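Using the hints, position chain L against chain F.
2 protein chains.
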Amino acid sequence: MKNKINIAIVGLGQIGNHLFNEIKTKKKEIELLTGKKINIAAISAKNKNKKRKFKINKKIFYKNPLKIIDKNKIDILFECIGLSDGISKKVVEKSLKNYIHVITPNKALISKHGDYLSNIAERYKVNLEFEASVGGGIPILRTIKEGLSTNRITKVYGILNGTCNYILSEMDRTKDNFKNVLKKAQTLGYAEPGNPKLDINGYDTLAKVRILSSLAFKKKISKNELLMEGIENIEPKDFEIANQLNLKIKLLGVTEILNNKLFERVHPCLVKKNSYIGNVNGVMNAIILDGNPVGQSILQGEGAGPGPTSSALMSDLLSILRGNIKNPFGVSSKNRNSISTFDVNNYENSLYLRFEVKDKPGVLSEITKKLAQNKISIQRMIQIPYNKLKTASIVIITHKARHINSNKLLRGLEKNKKILKKPVLIRLF
Amino acid sequence: MKNKINIAIVGLGQIGNHLFNEIKTKKKEIELLTGKKINIAAISAKNKNKKRKFKINKKIFYKNPLKIIDKNKIDILFECIGLSDGISKKVVEKSLKNYIHVITPNKALISKHGDYLSNIAERYKVNLEFEASVGGGIPILRTIKEGLSTNRITKVYGILNGTCNYILSEMDRTKDNFKNVLKKAQTLGYAEPGNPKLDINGYDTLAKVRILSSLAFKKKISKNELLMEGIENIEPKDFEIANQLNLKIKLLGVTEILNNKLFERVHPCLVKKNSYIGNVNGVMNAIILDGNPVGQSILQGEGAGPGPTSSALMSDLLSILRGNIKNPFGVSSKNRNSISTFDVNNYENSLYLRFEVKDKPGVLSEITKKLAQNKISIQRMIQIPYNKLKTASIVIITHKARHINSNKLLRGLEKNKKILKKPVLIRLF
Numbered sequence: 000m001k002n003k004i005n006i007a008i009v010g011l012g013q014i015g016n017h018l019f020n021e022i023k024t025k026k027k028e029i030e031l032l033t034g035k036k037i038n039i040a041a042i043s044a045k046n047k048n049k050k051r052k053f054k055i056n057k058k059i060f061y062k063n064p065l066k067i068i069d070k071n072k073i074d075i076l077f078e079c080i081g082l083s084d085g086i087s088k089k090v091v092e093k094s095l096k097n098y099i100h101v102i103t104p105n106k107a108l109i110s111k112h113g114d115y116l117s118n119i120a121e122r123y124k125v126n127l128e129f130e131a132s133v134g135g136g137i138p139i140l141r142t143i144k145e146g147l148s149t150n151r152i153t154k155v156y157g158i159l160n161g162t163c164n165y166i167l168s169e170m171d172r173t174k175d176n177f178k179n180v181l182k183k184a185q186t187l188g189y190a191e192p193g194n195p196k197l198d199i200n201g202y203d204t205l206a207k208v209r210i211l212s213s214l215a216f217k218k219k220i221s222k223n224e225l226l227m228e229g230i231e232n233i234e235p236k237d238f239e240i241a242n243q244l245n246l247k248i249k250l251l252g253v254t255e256i257l258n259n260k261l262f263e264r265v266h267p268c269l270v271k272k273n274s275y276i277g278n279v280n281g282v283m284n285a286i287i288l289d290g291n292p293v294g295q296s297i298l299q300g301e302g303a304g305p306g307p308t309s310s311a312l313m314s315d316l317l318s319i320l321r322g323n324i325k326n327p328f329g330v331s332s333k334n335r336n337s338i339s340t341f342d343v344n345n346y347e348n349s350l351y352l353r354f355e356v357k358d359k360p361g362v363l364s365e366i367t368k369k370l371a372q373n374k375i376s377i378q379r380m381i382q383i384p385y386n387k388l389k390t391a392s393i394v395i396i397t398h399k400a401r402h403i404n405s406n407k408l409l410r411g412l413e414k415n416k417k418i419l420k421k422p423v424l425i426r427l428f
Numbered sequence: 000m001k002n003k004i005n006i007a008i009v010g011l012g013q014i015g016n017h018l019f020n021e022i023k024t025k026k027k028e029i030e031l032l033t034g035k036k037i038n039i040a041a042i043s044a045k046n047k048n049k050k051r052k053f054k055i056n057k058k059i060f061y062k063n064p065l066k067i068i069d070k071n072k073i074d075i076l077f078e079c080i081g082l083s084d085g086i087s088k089k090v091v092e093k094s095l096k097n098y099i100h101v102i103t104p105n106k107a108l109i110s111k112h113g114d115y116l117s118n119i120a121e122r123y124k125v126n127l128e129f130e131a132s133v134g135g136g137i138p139i140l141r142t143i144k145e146g147l148s149t150n151r152i153t154k155v156y157g158i159l160n161g162t163c164n165y166i167l168s169e170m171d172r173t174k175d176n177f178k179n180v181l182k183k184a185q186t187l188g189y190a191e192p193g194n195p196k197l198d199i200n201g202y203d204t205l206a207k208v209r210i211l212s213s214l215a216f217k218k219k220i221s222k223n224e225l226l227m228e229g230i231e232n233i234e235p236k237d238f239e240i241a242n243q244l245n246l247k248i249k250l251l252g253v254t255e256i257l258n259n260k261l262f263e264r265v266h267p268c269l270v271k272k273n274s275y276i277g278n279v280n281g282v283m284n285a286i287i288l289d290g291n292p293v294g295q296s297i298l299q300g301e302g303a304g305p306g307p308t309s310s311a312l313m314s315d316l317l318s319i320l321r322g323n324i325k326n327p328f329g330v331s332s333k334n335r336n337s338i339s340t341f342d343v344n345n346y347e348n349s350l351y352l353r354f355e356v357k358d359k360p361g362v363l364s365e366i367t368k369k370l371a372q373n374k375i376s377i378q379r380m381i382q383i384p385y386n387k388l389k390t391a392s393i394v395i396i397t398h399k400a401r402h403i404n405s406n407k408l409l410r411g412l413e414k415n416k417k418i419l420k421k422p423v424l425i426r427l428f
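As given, the protein sequences belong to chains F and L, one line each in that order.
All residue numbers for the first sequence refer to numbering that gives the first Met the number 0, where the first residue is 0 and numbers rise by one.
All residue numbers for the second sequence refer to numbering that gives the first Met the number 0, where the first residue is 0 and numbers rise by one.
In isolation and in its complexed conformation, chain F is listed as follows:
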């Protein structure tokens, strides 16, 4: 690699912005650490005139990022737009094919097109790095690819979405409802102001789970549909009841090998109050990893925001500047096989079920009858009457139940007019 390196940053939102400043202020340090002089040779954003923390040098500004590649000798390009397809994919693809290393925090892109793009990167012998796509500032991908490279990993799970963890922690702390806490999260910049849906419904966590799976188990990225449940139906009363049971509610992403099959899932979980994961609060992310011979490893850190994301992007930059040409997923594409999928219908665990019902005779017996029909046995039941409203909450903790059966149960109760709302289901971890 030559000594003067030209860099392009495509996308100047919160992250691109922070990265731009970080690179500018750390030029000298980067030279000290790697011996390379770096130069921001091109930038691109939708809107040239948007208010930014720094003045745009119009000479290096491009409205169309693809033109950067045609008109400049770029060595390393940062893709910070964030789309799963479209211009994000085009820029990355074109860069790699022009022998330009690419660094991106874009989990949507990598979880969808990672296999395809890494193939190109390997063919053109350039790097495609995406440390910032999972766990923000936590160097989890590097840890799996390098620090634990010869371990046989059996399970990776954790809190992978800071927005959801903030909302759940805050609902628990303040007893306020989902809507209000979401608004607060948006005001504080912890949730997307426009459309926070992809965080809330588990989709963001799911993309990260797919990337973690492929690295941890050295397989292709899974394409199948996953068990994905969000946090939008959880209410303050769920926290109250969890509290009584000495439990906390967390949104977990989990990937593991069960009977030689890959089982990936995202859903709210009830975890023990005094467990490690039960005490990771606010916007923090935490990842727990079971490996042999290393045992259990835990990594925790700020999972989002421009600071931690920049930290990860810069670590990718330094890795490339040091001349480490590596397969994007550690193992080369041809050695990463597909893996068959564990049938979620066979997934068994204890469930927390909350039904909001009319306080009329017979409701409970109708629910328990359906439970019995679906071979789900009750471990514990709590009934909370709201006399004024003539309604009640019925909370049932089940023994281990198969997913196919709990699904049938809920479908079977859908048309029951004494049940007033979609029941809340949270899995015990």
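The hints are simulated quantities; they were obtained by calculation from the structure and are not laboratory data.
Remember, it's a predicted structure, so these values are computed and weren't measured experimentally.
Check each hint, because a few of them may be wrong.
Repeated chains share a single entry, so a pair holds when one copy, or any two copies, can fit it.
To be verified - Straight-line Cα separation of at most 25 Å, SDA-like style, residue types lysine to any residue; simulated pairs:
#1 K387 <-> V362
#2 K50 <-> M380
#3 K218 <-> E30
#4 K70 <-> P195
#5 K325 <-> G34
#6 K182 <-> S349
#7 K325 <-> I377
#8 K183 <-> L419
#9 K420 <-> E228
#10 K417 <-> D358
#11 K36 <-> K333
#12 K3 <-> N323
#13 K417 <-> I381
#14 K3 <-> R401
Below, chain L without anything else, positioned relative to chain F:
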């Protein structure tokens, strides 16, 4: 680097033994990950005939490890003897000077001679890797050097010695005394059977602190004397009192930059019961790191034992096989400056002091008088009488006190015959 790599393992104790098996069983995987065929070409140990988990191939056995270097074409050598000087240093030095990459878990060697040896490694353009020297299976050195490489780190601290953490956790849990719990730790293999002193007195933690400092702050390894206090004087009653105060006792290693000076220390601390660090129990290690822009990062994992140590040694091996020639400390020797030392006498914090005294009039007034003379003010006091023995424990929690003053206080009370034992001092964190 050529495609067939010869490896030597020097020292076949618990760790060398496990490593030998790990390399043998993972040959194929290593080839898949790196494209290199590896071959264990030489081994060395004090005793050829000791009972081992594997049969020694006598053709590759050397009693004198230095002869390995003369008689073989070794590419990578593992030093697993563990001395801070002597044959450990000689083998590493000779290997590097013969263009052999060296991997070692030897914290005593690196904390003492790391600067000298890394200089040689840089001159001969070979690697000197020591991930396993700190935090066992936790990839903390790689995380600092690579994952967080451009962060400005201000503080690193944590539980760095599994033996001490096991003993403290177990004393807390069982209310048993230090001697019995140490014996149990030895039976379970958590403490050295012969001489556990270097774990117990804080020396092992201190070596790790020195290595962490040099990496985190990109400086030479400090040579100065540090504040080092062990856990050997802590008694069950300290846990009882800590418990009443909602605190836990942990041995922490800490390194930070205070007023542009390096402040390294190892001593028992009282931490909040519900804090993260207060809940890291047993043989677990945990490291907390404050950096900018990444924020706070936490890494936790098994800190010792052959499994986690092998995991770290193998990660070093793969890094070398992938062809990453790197400065041992990230930054090159010529760019790592010395750093001046914070004067420990100016260190201020709250103290827990326990005095065992004769239950006679005037004792308390003598102690409090000395406290006042040394400008140490009392925040809280607990007196526990033992009527039958005519003795008492006096526990004092002080407001912030300077180290120089608390030292003077303890010296001033040394000759007081009403004080029956060396007072116990634990710092509040």
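> Tell me, which hint numbers fail for this structure?
Replying inline: 2, 4, 6, 7, 8 and 14
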